[in-house]
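Residue numbers (our numbering), protein chains in the order written: chain A, 228 to 909; chain B, 228 to 909.
Everything labelled a hint here was simulated from the structure, so no lab data went into it. Mixed in with the good hints, there may be bad ones.
What the hints assert, rightly or not - Pair ranges (Cβ atoms, derived):
#	chain 1	residue 1	chain 2	residue 2	range
1	A	Trp896	B	Ala888	37 to 47 Å
2	A	Ala628	B	Ala888	27 to 37 Å
3	B	Arg903	A	Leu604	31 to 41 Å
4	A	Asp687	B	Asp327	46 to 56 Å
5	B	Glu282	A	Ala908	50 to 60 Å
6	A	Glu843	B	Val584	46 to 56 Å
7	B	Gly614	A	Lys314	15 to 25 Å
Unchecked claim - If you want the footprint, here are the derived chain B segments under chain A, 3+ residues with CB under 8 Å:
#	segment
8	711-717
9	768-781
10	901-907
Unchecked claim - Quick list of in silico lysine to any residue cross-link-like pairs, SDA-like style, CA-CA up to 20 Å:
#	chain 1	residue 1	chain 2	residue 2
11	A	Lys262	A	Gly249
12	A	Lys847	B	Lys899
13	A	Lys899	B	Pro849
14	B	Lys406	B	Asn255
15	B	Lys899	A	Leu842
16	B	Lys403	B	Asn255
17	A	Lys406	A	Gly249
18	A	Lys899	B	Lys403
19	B	Lys495	B	Met457
20	A	Lys899	B	Arg903
21	B	Lys847	A	Glu885
22	B	Lys314	B	Val329
23	A	Lys899	B	Asn848
24	B	Lys847	A	Gly906
25	A	Lys847	B	Glu892
Virtual Cβ for every residue (Gly too), placed ideally from N, Cα, C.
This is what each chain is made of:
2 protein chains.
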Amino acid sequence: MYDVTRGLQDGGTFLLNTIWEGDELVKNLPNKVKKYFADHKIKVYYINATKIAQEIGLGNRTNTILQSAFFRITAVIPVEKAVEEMKHFIVKSYGKKGEDVVNKNYAAVDRGGEYKELAIDPAWSSLPADPAKDYGDEPEFITKVVRPINGQDGDLLPVSAFKGIEDGAWPAGTAKFEKRGVSAFVPVWTADNCIECNKCAYVCPHACIRPFVLDEEELKGLNGAATREMKAPAAMKGMHFRMQVGVMDCLGCGNCVDVCPGNPKTGKALQMVPLEGQLGEAANWDYCVEHVASKQDLVDIAANVKNSQFATPLFEFSGACSGCGETPYLKLISQLVGDREIIANATGCTSIYSGSVPSTPYTKNEKGHGPAWSNSLFEDFCEYGLGMQIAHRKLRERLAALMQKGLECADCSDELKAMFKEWLENQNSAEVTNRLYEPMVAAMEKCGCDTCKAILAEKDHIVKRSQWIVGGDGASYDIGYGGLDHVIASGEDVNILVLDTEVYSNTGGQASKATPLGAIAKFAAMGKRVRKKDLGMIATTYGYVYVAQIAMGADQAQTLKAIREAEAYPGPSLIIAYAPCINHGLKAGMGHSQEEEAKAVECGYWHLWRYNPQLEAEGKNPFSLDSKEPNWDNFQAFLKGEVRFASVAKQFPKEADELFAAAQENAQWRYKSYLRMLGTAW
Amino acid sequence: MYDVTRGLQDGGTFLLNTIWEGDELVKNLPNKVKKYFADHKIKVYYINATKIAQEIGLGNRTNTILQSAFFRITAVIPVEKAVEEMKHFIVKSYGKKGEDVVNKNYAAVDRGGEYKELAIDPAWSSLPADPAKDYGDEPEFITKVVRPINGQDGDLLPVSAFKGIEDGAWPAGTAKFEKRGVSAFVPVWTADNCIECNKCAYVCPHACIRPFVLDEEELKGLNGAATREMKAPAAMKGMHFRMQVGVMDCLGCGNCVDVCPGNPKTGKALQMVPLEGQLGEAANWDYCVEHVASKQDLVDIAANVKNSQFATPLFEFSGACSGCGETPYLKLISQLVGDREIIANATGCTSIYSGSVPSTPYTKNEKGHGPAWSNSLFEDFCEYGLGMQIAHRKLRERLAALMQKGLECADCSDELKAMFKEWLENQNSAEVTNRLYEPMVAAMEKCGCDTCKAILAEKDHIVKRSQWIVGGDGASYDIGYGGLDHVIASGEDVNILVLDTEVYSNTGGQASKATPLGAIAKFAAMGKRVRKKDLGMIATTYGYVYVAQIAMGADQAQTLKAIREAEAYPGPSLIIAYAPCINHGLKAGMGHSQEEEAKAVECGYWHLWRYNPQLEAEGKNPFSLDSKEPNWDNFQAFLKGEVRFASVAKQFPKEADELFAAAQENAQWRYKSYLRMLGTAW
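Work the whole structure out from these sequences, hints included.
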């Protein structure tokens, strides 16, 4: 993929991190590379740093091993001196994270010497060119623009490569062509143990494990891969269920395995296994994605967690970290809202993984329709989305006036007029406007009167859009909060999703007003000393804003319900979603990020609730507390399970107890404020 | 004061608006002006537009009368045409405000013809120069800088005039030298009817009616002006009480008269009378201000409304509108906090009347100490104040470290060490640090050791300051809200005062998030359609912010209590003060702005409450509702008493009823949210 020898000089030295050795390595090296080695008399070394890192317990962190190998091979400074300095800086960098982390890194330095030399065969100079890669029938844009950029050759692209997208538009769904295959371990599905709950697909941060529903015809093309005959839902009875893993897209976090309830007698339906044995699944994935039609129209996809996963995700294979707590929420929204979704995105992790050129995870459905996404700054993301919504509303007011005119038109047919009337009466119904779109457009094209022409010119606005505004806690609680407040106050029909990692994740973990008391973050190196801001409670003071606090890993159904209600609410909605992040330093690892959410709610660290102003109109309390009375006994253990808290104890042992007690007290204070909301008479 | 003939050409025409006629006018014109008229053969006309405006019922609005006179005298276009066009534009400009306003302006156009010509005596050419004005012993800065700027000659000042204040600093208390004498009517005090409640002084927007307490010696200098022998408070028993009016500083609003309870049998102690008869009071004012010592140290000035007015206001004679609802709050804070006050001011009316060069209403006490004031933008006023507070805190941490060192010092005396110790134990007590300041500084100067020298270098920070942050609703609810939120979240000890006029007052009345539903404002020309933001309730969600909502005219004691508690609270405080504004179009006039506040609370339009986190620590409900159950029957009448609402009914009669009903419903919704706060179990 990358031109790894670019810049390598005659007689230079090359170090490769690889799982192959000796002959197998030679076999796998492209001719182009081998020829370069021979032609330029390169000294080549190789090491399996990935394996070493795993053995040491450093996960996928190979940098220290490779740094050590570099110093040993080049001897730019005396090797003993290099080792000494590396160890010195390990203490400086990781000392705060505990002795265990330091020792693992020491081991990484020591084992950096386990490299081997590859003998260069002078005959490689005569090797023929490698055969051209066959990417099948992929779009020209992928071959000519996306692949060169991904191969770090973007600066070699001519201006003409961007013809047709001079305005900055970017084709949707390019991420699916990456097929990175970067995970050493991927899940494998055991059909017999599966209970078809779809929980695994629900939590997958990269949309690379999906249930497919096949009819008899589609089943034939599957080449005997395992399926289950479906008994429910009724509309799918007798069809064939397959939980398919996209092994080349998987990042190997393992949350799917973690949440799999499996069969109580025979065990989980998923387990992590080495990628090598699963490469054959790639063809099954391609078949399912390309040849198995979506059956989502057979069921109400918003009815429950299981059904939601029969909807095609329109957000897939993003560049987010393995086990990311944020992306499952975005994927779910893309499934529930589909091609009506418009997204105004803040700066932050969400903007990076949702739109780092050339990777666009937002994609299209079978009809070629999908969400539209754009990104603004930290400080104006809500205003940005408000502008989109106001433009949409204004254009629809124009459409409404035109259709009113159409009702009196001599040219328009009675059938068309009936559709205008239905639209005018149901213009804010996604269901009705979606249903009317195709027949109405066809009838107007046939009619061709001036009014119909004018409506057709704005036909993109016939279907009710769903305006989403997405940001992290840095943008929402701090930098863009003035705008967030202004937008929810406006009363406009927008849906704001706050992905709350409780720190500025993308810029390296600085404290925000979402950071809880006691946590360590940049700018709060001694542990944060003031309470976490309760953004949700603030929003409830308006009385006309739908608000929800959710944590998918704690309650998948409540998450679904909140998103469904927020989207349906004809005014501003604000959803605050708890999202574990690599910055938290989960001791259990990011493969348990969903479980960490469950723990957070169980111990009272996070709470699930919804505030629906529509209930007040019915004389009910608009506030519902969806999480149970916490088990406060587990609160301290929860804190100690995350490095962001645990390291306070390491660095400031004297103050840590006090801080952690205060953190718990604050969580309890907050919980009490929810109980008060719940207990008041409306 | 102004060079009115500058630019007037030979044979030119001059129109003067004056209360004088004929010989009396000639007598009052300066020689310089008369000479100019004669030398340059000027045609001079005069008119008493002020009197005409009063007769018509236009108050002090003379512009239309003078415009009409201008067109009649100059005949730049045919007079009939001019009259027709003026009347046309009156309908256009004031049509929305009702027929009565239109008719009054019509009358103004018609009576613009009531001017007379002044005969010019050629002998005036030989008049001698006017005698130089005697401003007494005023500071050189006033004579050389302030007066030229006020006389619109600022652009003629040399750079050297600013020597010593090159950094932008400006001497305090320049406003008192203006003595504008612009009010046609001023209050006169009837000693026999006075009950010494000091309510008049409390509400005066310009600090120009003040109670003075004289001892026998001071009484002698008063030249027989009326006083009352005091019976209370005990510490002042036997002294002499005089409510003194500063007639040359008064803007004639009449709120003092309005709030005066007077003697139930004999009537009010104040009434408005023409300025002419009261000019002699100027000398009494000067005597009281200059020669009667403040007696504020005899009582606890924060104990009650009456006592508070014995404190010298350090905010006086600002450029605010007559009857301004904002300035009485600022004046009161300057009295309660005194020279410990530091103010970070937002852009808006508050910044204009608090610091329009060359006018500085913030002034100094007898010791030459006073508040320090500075102004930043709409969008960062809270951060600006936070910076001041953090700087003060940091410098005091340095002082604390130095005093700790001083405790071990061989040079420092035991007496000085005792003071260091007392300071260290009470460094956040205004009372203790104030008391220690003078003896401690004297002892350190005597000691002269290095530690003492280092402390003396930062001696300005020995006394605990009181950090205030002042802004209007535009800054606080909208543009600067992100910062306001960030600052209250910080937990720092600052006091934020929001002067809530419910519109952007200074920029001309645009809608803010503080604008209530139903009100007309710029950008909300059809009446605002969403609910007023509840800034106070939002702030309570932090749980560690002191919050109060006040309205001086509704409850003077509650206002005092809230300011006192906010200042004492060792964390962030937020006070939201209701302030009638000329933009509201009070039908009763701004002379009843205090009464309007009372009405607002009585009918449920505004509510008084306090949220004190310290009560929660005692196991009590931190929320207290200080206003009574509203009389909702008066709500609609209240709305109709203000043009901002009444004009909706004029322009959108169909929607007005619905909007006004919704406004009331929203006020009731809000009140209910307060009742819920009150009713919850803590």
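Status of each hint after checking the structure:
no. : hint                              : result
1   : A/Trp896 <-> B/Ala888: 37 to 47 Å : holds (39 Å)
2   : A/Ala628 <-> B/Ala888: 27 to 37 Å : holds (28 Å)
3   : B/Arg903 <-> A/Leu604: 31 to 41 Å : holds (38 Å)
4   : A/Asp687 <-> B/Asp327: 46 to 56 Å : holds (52 Å)
5   : B/Glu282 <-> A/Ala908: 50 to 60 Å : holds (58 Å)
6   : A/Glu843 <-> B/Val584: 46 to 56 Å : holds (51 Å)
7   : B/Gly614 <-> A/Lys314: 15 to 25 Å : violated (42 Å)
8   : 711-717                           : holds (count 4)
9   : 768-781                           : holds (count 4)
10  : 901-907                           : holds (count 3)
11  : A/Lys262 <-> A/Gly249             : holds (17 Å)
12  : A/Lys847 <-> B/Lys899             : holds (14 Å)
13  : A/Lys899 <-> B/Pro849             : holds (14 Å)
14  : B/Lys406 <-> B/Asn255             : holds (19 Å)
15  : B/Lys899 <-> A/Leu842             : holds (16 Å)
16  : B/Lys403 <-> B/Asn255             : violated (25 Å)
17  : A/Lys406 <-> A/Gly249             : violated (27 Å)
18  : A/Lys899 <-> B/Lys403             : violated (53 Å)
19  : B/Lys495 <-> B/Met457             : holds (19 Å)
20  : A/Lys899 <-> B/Arg903             : holds (15 Å)
21  : B/Lys847 <-> A/Glu885             : violated (24 Å)
22  : B/Lys314 <-> B/Val329             : holds (9 Å)
23  : A/Lys899 <-> B/Asn848             : holds (13 Å)
24  : B/Lys847 <-> A/Gly906             : holds (17 Å)
25  : A/Lys847 <-> B/Glu892             : holds (17 Å)
In summary, the structure is inconsistent with hints 7, 16, 17, 18, 21 from the numbered list given earlier, while agreeing with the others.
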